[in-house]
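J.: All chains, full assembly: derive it from the sequences and hints.
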Amino acid sequence: MANLTPNNSGRDVVIDVRDLHRIFETPAGQTHALRGVTFQVQRGEFVAIMGPSGSGKSTLMNLLGCLDTPTYGQYFLEGIDVSLYTDDELADVRAHRIGFVFQSFNLLSRTTVLRNVMLPLVYTRAPEAEREERAAQALFQAGLTEEVFDKKSNEISGGQMQRVAIARALVNNPAIILADEPTGNLDSKTGEHVLQTFKNLRDQGSTIVLITHDYGVSLHANRAYQIRDGLLYEGAQADSILSSAQGGGSHEV
Amino acid sequence: MKFRDLWFEIWNALSANKGRSALTILGIVIGIAAVVTMTSLIAGMRSSLLTTVGANQARLIQVASINGNVITRDDLNYIKEHVPGVSYTGTMVSGEQVHVSTDRNTQRGLIYATSPGVLKINEKTYKLNKGRYFLPSDSDQLRQVAILDGNLVKQLFNDENADVIGKTVSLNGHKYSIIGTLKPASGFMAFGGPGVYVPLKTAVSRLGTEDKYDVFYAYVDESQDINTAKNMIKDTHDKRHPVKDSGPSQMNEVVISTDQAQKSNFQVMTSEDITQMVDSITSVFTAILGSVASISLIVGGIGIMNMMLTNVSERIKEIGLRKSIGAKSRDITNQFLGESIVLCLIGGVIGLILGYLAALGIAAVLSLFSPDMSFTPVVTPQIAAIAFIVSSFIGIAFGYGPARKAAKLDPVESLRHQ
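Chains as they are written, first to last, in our numbering: chain Y, 1 to 253; chain R, 1001 to 1418.
Don't take every hint at face value.
[Claimed, not checked] Covered stretches of chain R, going by a simulated chain Y footprint (3 or more residues, C-beta under 8 Å):
(1) 1006-1019
(2) 1227-1235
(3) 1320-1331
[Claimed, not checked] Which residues of chain Y face chain R? A partial, calculated answer using Cβ under 10 Å:
(4) Gly65
(5) Leu84
(6) Asp88
(7) Ala91
(8) Asp92
(9) Ser104
(10) Thr111
(11) Leu114
Source of the hints: derived by calculation from the structure; they are not laboratory data.
All C-beta atoms in this analysis are idealised placements derived from N, C-alpha and C, irrespective of residue type, glycine included.
T.: Okay, structure coming up:
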């Protein structure tokens, strides 16, 4: 049963991470990528996690996305402790509760836009009669029109491709959308459009966690965290991260 | 993952690169085609051989002399009178080649002195085209009548279906009336040249054919079990012509029946025995040639595995994507294994078709060089089933490794792959 943590805003907690550690065994020895991360994300929030390369943000994203399991600690997704799940159980969680948006879009070039968005419905075994309609609705939600539905991914722009990826992430009505550097391969103007799309989705009730190294991107979120050397630091407002980065010291959660 | 979705993903992946898919299955196509060519040629030869040796008559027993012992007309009569269930005995003696002439044309034909009824009881082998078979009175009254093989009819009258009933041909200067024609003999039946069938007593009396035989036929009616009749014929005939205790036999004695432990001057065979004998020969050829051809299938399978491994390497990111949106390891395994199996099945079907066409071509070329050796290759349901099973097996055997490799890929590493 879901175990909802009370919070100030009265909204339920979608992500509840408690003392999360991830240690990698390498030929050179152990790498302690996450050193006890604890935080929460509530439903309908748009949260950014910012950090430089090697800070552990990708490791954290992989754990949040159930692509990996922690060495120890707990991760509650919609109240369910997924930290001890098997591979198949994690696959089910990814199918039903998580939507990914990648930096490099990761669309299948051999199929149409509509088919790309329908692909996650294959793994949730959604009724075939509903799939096209659901995919179309997700594409509209991501700000696209019907004229791109039958195009292949190499026939549309980068911004459109990322929106298709967003639609694909939405199609199963996930608990969270995890976006990994979603504007990394886009020019600034297109990137702004994509970020606006995320904000629109947030306004429609989606919960979004965005991973980025760019503090300018993080300004679009409600809240931002900074991750450094495997530890998470929260800024009450995004501005505080900028000022702390400019020598104001770190704010540890 | 539902089966329809799996099928769609497999087909979508394979058709995305048709050229590569076609090259991938080339080894399977060639391997299956080679196996099908060999086996269908042998199956066709077997069928022709069985027809020639009369293995298609379920109620017929053949008695052949070995050790040089002759069979006489008295033997035939005795068997018919003393073995229950035997309703007919008869023989066919091949004589010499003669000149067969019309007023316009002369060809060579081989005389077959035939008991009345022998052609009829072997009617699946000697198919009547026009006219009639011999009657007992044709032989008893020494009538100068003849039945011509269709090939001879064509040579003499330019058309195997020509209505020549009632016309006269000359056999070494003696006039004979044509009372029937047969469908043209083919395959091994045509070996030795086209036949002229003449009643037995007529041939003995007028054409100098010896009234001694080295084979005869017995027809067993439904009242008697065929194997019981066979044993009784053998026992009866052996008693009439016992083996002389004079040292080693001069010819090999081929014993067909499993309960024929004693030496005998005769080989007694039902159609089932004949079929087994032919099969024992053809199955060896099939096994040897099929095994050789199968080597190419192994090469084809290695090609499949190689291409599937390349496929997996090129689609690492796709595998990572599928896992990120909920594909389980078995979904990935099923998809890649399915691609391998479908490729091999397509190759198997194409190989089956090409193999049969190649067999037809080879048989046609053989018949050009040796018309006596013409036969039709046969693709039996067993051959088709073997092609299907072997193709599937290769797809599974050589596709499983790459499919498992794909399934075991770490999604995080896969998504990072450049």
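J.: Are the hints correct? Go through all of them and say.
T.: Structure-based check of each hint:
{"no.": "1", "hint": "1006-1019", "result": "holds (count 4)"}
{"no.": "2", "hint": "1227-1235", "result": "violated (count 0)"}
{"no.": "3", "hint": "1320-1331", "result": "holds (count 11)"}
{"no.": "4", "hint": "Gly65", "result": "holds, 7 Å"}
{"no.": "5", "hint": "Leu84", "result": "violated, 18 Å"}
{"no.": "6", "hint": "Asp88", "result": "holds, 5 Å"}
{"no.": "7", "hint": "Ala91", "result": "holds, 4 Å"}
{"no.": "8", "hint": "Asp92", "result": "holds, 7 Å"}
{"no.": "9", "hint": "Ser104", "result": "holds, 8 Å"}
{"no.": "10", "hint": "Thr111", "result": "holds, 6 Å"}
{"no.": "11", "hint": "Leu114", "result": "violated, 13 Å"}
Checked against the numbered hints above, the structure breaks hints 2, 5 and 11 and satisfies the rest.
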